[in-house]
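With chain F fixed as given, assemble chain R with the ligand onto it according to the hints.
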Amino acid sequence: MSTHTLAVLVENSPGVLARVAGLFSRRAYNIDSLAVGPTENPNISRMTIVINVENHALEQVIRQLDKLINVIHIAEVKPLESIQSELLLVKISATNSLKAEVERVVDSFGAKIVDWDDQSMTIEATGDPEKIANLLTAVGTFGIRELVQSGLVALERGSSALSDRTLSAQSIPTADGGQADYQN
Amino acid sequence: MSTPNGTAMNGATSLVKSLEAAGVDVMFGIPGGAILPAYDPIFDSTIRHILVRHEQGAGHAATGYAQVTGRAGVCIATSGPGATNLVTPLADAAMDSVPLVAITGQVPSAAIGTDAFQEADIRGITMPFTKHNYLITNPDDIPRAIAEAFHIANTGRPGPVLVDIAKDALQRATTFNWPSTVSLAGYHPHLEPDSQSISDAAALIAQSHRPVFYVGGGVIKANASRELMQLAELLGAPVVTTLMALGSFPASHPLHMGMPGMHGTVSAVTALQKSDLLITLGARFDDRVTGKLSSFAVNAKVIHADIDPAEIGKNRFADVPIVGDLKATITALIPALRSALSKNQPDLSTWLRQVNHLKSTYPLGFDIPTDGTISPQYVIQQLGKISGLDSIFVAGVGQHQMWASQFIPYEKPRTWLNSGGLGTMGYSVPAAMGAKVGAPDTTVWSIDGDGCFQMTNQELVTCALNNIPIKVAIINNESLGMVRQWQTLFYEGRYSNTSLESKRIPDFPKLADAMGCVGLSCDRPEDVDSIIEKAMSINDQPVVVDFRVHRDAMVWPMVAAGTSNDEIMIAREMAPDWDSQEL
Ligand SMILES: Cc1ncc(C[n+]2csc(CCOP(=O)(O)OP(=O)(O)O)c2C)c(N)n1
Numbered sequence: 027m028s029t030h031t032l033a034v035l036v037e038n039s040p041g042v043l044a045r046v047a048g049l050f051s052r053r054a055y056n057i058d059s060l061a062v063g064p065t066e067n068p069n070i071s072r073m074t075i076v077i078n079v080e081n082h083a084l085e086q087v088i089r090q091l092d093k094l095i096n097v098i099h100i101a102e103v104k105p106l107e108s109i110q111s112e113l114l115l116v117k118i119s120a121t122n123s124l125k126a127e128v129e130r131v132v133d134s135f136g137a138k139i140v141d142w143d144d145q146s147m148t149i150e151a152t153g154d155p156e157k158i159a160n161l162l163t164a165v166g167t168f169g170i171r172e173l174v175q176s177g178l179v180a181l182e183r184g185s186s187a188l189s190d191r192t193l194s195a196q197s198i199p200t201a202d203g204g205q206a207d208y209q210n
Numbered sequence: 135m136s137t138p139n140g141t142a143m144n145g146a147t148s149l150v151k152s153l154e155a156a157g158v159d160v161m162f163g164i165p166g167g168a169i170l171p172a173y174d175p176i177f178d179s180t181i182r183h184i185l186v187r188h189e190q191g192a193g194h195a196a197t198g199y200a201q202v203t204g205r206a207g208v209c210i211a212t213s214g215p216g217a218t219n220l221v222t223p224l225a226d227a228a229m230d231s232v233p234l235v236a237i238t239g240q241v242p243s244a245a246i247g248t249d250a251f252q253e254a255d256i257r258g259i260t261m262p263f264t265k266h267n268y269l270i271t272n273p274d275d276i277p278r279a280i281a282e283a284f285h286i287a288n289t290g291r292p293g294p295v296l297v298d299i300a301k302d303a304l305q306r307a308t309t310f311n312w313p314s315t316v317s318l319a320g321y322h323p324h325l326e327p328d329s330q331s332i333s334d335a336a337a338l339i340a341q342s343h344r345p346v347f348y349v350g351g352g353v354i355k356a357n358a359s360r361e362l363m364q365l366a367e368l369l370g371a372p373v374v375t376t377l378m379a380l381g382s383f384p385a386s387h388p389l390h391m392g393m394p395g396m397h398g399t400v401s402a403v404t405a406l407q408k409s410d411l412l413i414t415l416g417a418r419f420d421d422r423v424t425g426k427l428s429s430f431a432v433n434a435k436v437i438h439a440d441i442d443p444a445e446i447g448k449n450r451f452a453d454v455p456i457v458g459d460l461k462a463t464i465t466a467l468i469p470a471l472r473s474a475l476s477k478n479q480p481d482l483s484t485w486l487r488q489v490n491h492l493k494s495t496y497p498l499g500f501d502i503p504t505d506g507t508i509s510p511q512y513v514i515q516q517l518g519k520i521s522g523l524d525s526i527f528v529a530g531v532g533q534h535q536m537w538a539s540q541f542i543p544y545e546k547p548r549t550w551l552n553s554g555g556l557g558t559m560g561y562s563v564p565a566a567m568g569a570k571v572g573a574p575d576t577t578v579w580s581i582d583g584d585g586c587f588q589m590t591n592q593e594l595v596t597c598a599l600n601n602i603p604i605k606v607a608i609i610n611n612e613s614l615g616m617v618r619q620w621q622t623l624f625y626e627g628r629y630s631n632t633s634l635e636s637k638r639i640p641d642f643p644k645l646a647d648a649m650g651c652v653g654l655s656c657d658r659p660e661d662v663d664s665i666i667e668k669a670m671s672i673n674d675q676p677v678v679v680d681f682r683v684h685r686d687a688m689v690w691p692m693v694a695a696g697t698s699n700d701e702i703m704i705a706r707e708m709a710p711d712w713d714s715q716e717l
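So the protein sequences, as listed, match chains F and R. Positions 27 to 210 (this note's numbering) are the ones given, in order, by the first sequence. Positions 135 to 717 (this note's numbering) are the ones given, in order, by the second sequence.
In isolation and in its complexed conformation, chain F is listed as follows:
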């Protein structure tokens, strides 16, 4: 088993998320995370899906996904060739007296304290999963009251864009119903 990140361009139409999620569940593929949001094209949404599968199963996943009519393009995004990032919001039990100490930890991760009162502080951080995990360990010593994390999003490095390779739907004449060929 290994972890793979898929970038999936889908039509921005109702039910697409249910189709994709349903496919993963009924085919018993394990999703580690799924993030979905708008893209530069208002008709298209982009999903970033992290899955844990055998290599040959990855191909199956991609082919099954590709059968969904609303799925326009699928690409595997390799960690070394992409920027991969998660968002973390974590509320820790730290009183104001600890603020300087927390700030030092938070600064070292390029994160920031975005809210505080006399009982707690909320930290916002972005970064790859490893960095987020390390940050959590570091602030864990203060006591974590609550945390929320987004799924991973990923973008390939360099100037090319996934959508360059897609969206060239050919037009096919209608009235092309499977012609009768009874007992050929």
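Be a bit skeptical, because a hint or two may be false.
Stated by the list, open to error - Chain F residues, not near chain R, derived (Cβ > 10 angstroms throughout): (1) H30; (2) N56; (3) D58; (4) S71; (5) V79; (6) Q86; (7) R89; (8) L94; (9) S108; (10) A126; (11) G166; (12) R183; (13) L188.
What the hints assert, rightly or not - Stretch by stretch, here's where chain F covers chain R in the computed footprint (C-beta under 8 angstroms, at least three residues): (14) 250-262; (15) 440-454; (16) 640-650.
If you are wondering where the hints come from, they were derived from the structure by calculation, not from laboratory data. All of these numbers come straight from a predicted model, not from anything done at the bench. Just so you know, even glycine gets a beta-carbon here, dropped at the ideal spot from N, CA and C.
Then chain R with the ligand, alone, in the frame of chain F:
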């Protein structure tokens, strides 16, 4: 005839005009509140609407129609229970790659999500087993959705598409705009096989000494029987046809080894097991064919040609994958193979002798009961003989289905219909109805079990009233025979809930009579032929024959579920005599 674009009308009329524009000539359905607006323009349409007695019947009828004509079948139902009654036929059509378009009414768009009367999220429910589905709330979207639905259902790997339309979208004003083209950003069926794969396949075939054509239902869908015949004769290798492929290659052909799988012939099962190359054409390595996958054809390389890329490598690794339409694939493979064989012609004579030896040593057969009762296999064999091989035979699910696959030698594509993937009891009568509508000049026999028949026989009323004279042979063994067979073999004969007592109740001929059909019954082996002939002579009414057969007959050969194909049994506790084989 066709309605000009830009004509003002309501959504319901736009729906019916769209169905007409898509070339629909018949649809099967039942009205109800949410779909009612559509039934008003249906009243004036050129499309024949057949009013069924249960929406499941509409769905299977559309399937039977599609399987004999190759064109998408159409069914229509109201929201809620009407729509959920279509669930089984949609799942059935998805498993057997049948092109189907299902239209359902939905509650008005403002009521969606409120648990309104007769609301069911049929789009959500059917997502797993439709090729695609739609929920339409704007009447302007109807023509495009219908055009896309037919395009998706009919092209690539065929399959069912559902279009759910909110009642207010049917009622509101719109202008009709039938699109001249469809363009779907995410749908591009790959039709032309890659030439490199074709030459790789040809080269591999020319090196093989034990090749087998493993032929699936895709060959029938692609109308590629003629091409298959040329390819098979060019190589002169054995051919096996799966349950979904019977008729794609003539059963009488010397290269035909029969059907592989759980109840396949020894020759077909063993040809696959001992092969060094499976030339897989439109088949999908279903578990009923492979048996225990890890022990299936362990020494074989695999060429896998299919229009659906997701089938390739799903269950079995393909050494040479070929994605494309099978007619195009086989057409390309023929010259490629001819040229490969001209350089290297392997000698297949030993291989052919071995499989032919199995074919002659282990032919399909059955015991004649000694107590004077009728053998079910005999009835089915005689149906094939007397009705002839131009007839269409439509089976239910169970022992009778397997016997109908074994004892009628299908010679032509689209003469054998059954529910292979889902195994849907209740498929036969309505599918036969749809088949007869699609092929009105052909004799259509439903070969049904007494259990299956009691699930959907109400469609005989539809047949009687709409001049659809199908013939039904009930293979009445007064039990859920296939389940009973498993109880005999795997549950020490503890027959929990498999006795139907259907030689007592219901009285099938009376039931048939009550439904406007001719009802006949047959108790004695010596009457089988004459009663079949009598049924053959009645063509202005549906006919139902209650063949009251021996209860304990079993389907052989058998590979028990989950075991290796090497464990094939030709009768209870009887394996083929492998020691006397040279394999
Ligand atoms: C809808 C449905 N329910 C249950 C089954 C399980 N099942 C498979 S075969 C069978 C028995 C069918 O009995 P019958 O129609 O009498 O045919 P026979 O096997 O006796 O020929 C059953 C219950 C099924 N395939 N489909």
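Consistency of the hints with the structure:
{"no.": "1", "hint": "H30", "in the structure": "holds, 16 angstroms"}
{"no.": "2", "hint": "N56", "in the structure": "holds, 18 angstroms"}
{"no.": "3", "hint": "D58", "in the structure": "holds, 22 angstroms"}
{"no.": "4", "hint": "S71", "in the structure": "holds, 12 angstroms"}
{"no.": "5", "hint": "V79", "in the structure": "holds, 13 angstroms"}
{"no.": "6", "hint": "Q86", "in the structure": "violated, 6 angstroms"}
{"no.": "7", "hint": "R89", "in the structure": "violated, 4 angstroms"}
{"no.": "8", "hint": "L94", "in the structure": "violated, 7 angstroms"}
{"no.": "9", "hint": "S108", "in the structure": "holds, 23 angstroms"}
{"no.": "10", "hint": "A126", "in the structure": "holds, 51 angstroms"}
{"no.": "11", "hint": "G166", "in the structure": "holds, 40 angstroms"}
{"no.": "12", "hint": "R183", "in the structure": "holds, 26 angstroms"}
{"no.": "13", "hint": "L188", "in the structure": "holds, 13 angstroms"}
{"no.": "14", "hint": "250-262", "in the structure": "holds (count 4)"}
{"no.": "15", "hint": "440-454", "in the structure": "holds (count 7)"}
{"no.": "16", "hint": "640-650", "in the structure": "violated (count 0)"}
Checked against the numbered hints above, the structure breaks hints 6, 7, 8, 16 and satisfies the rest.
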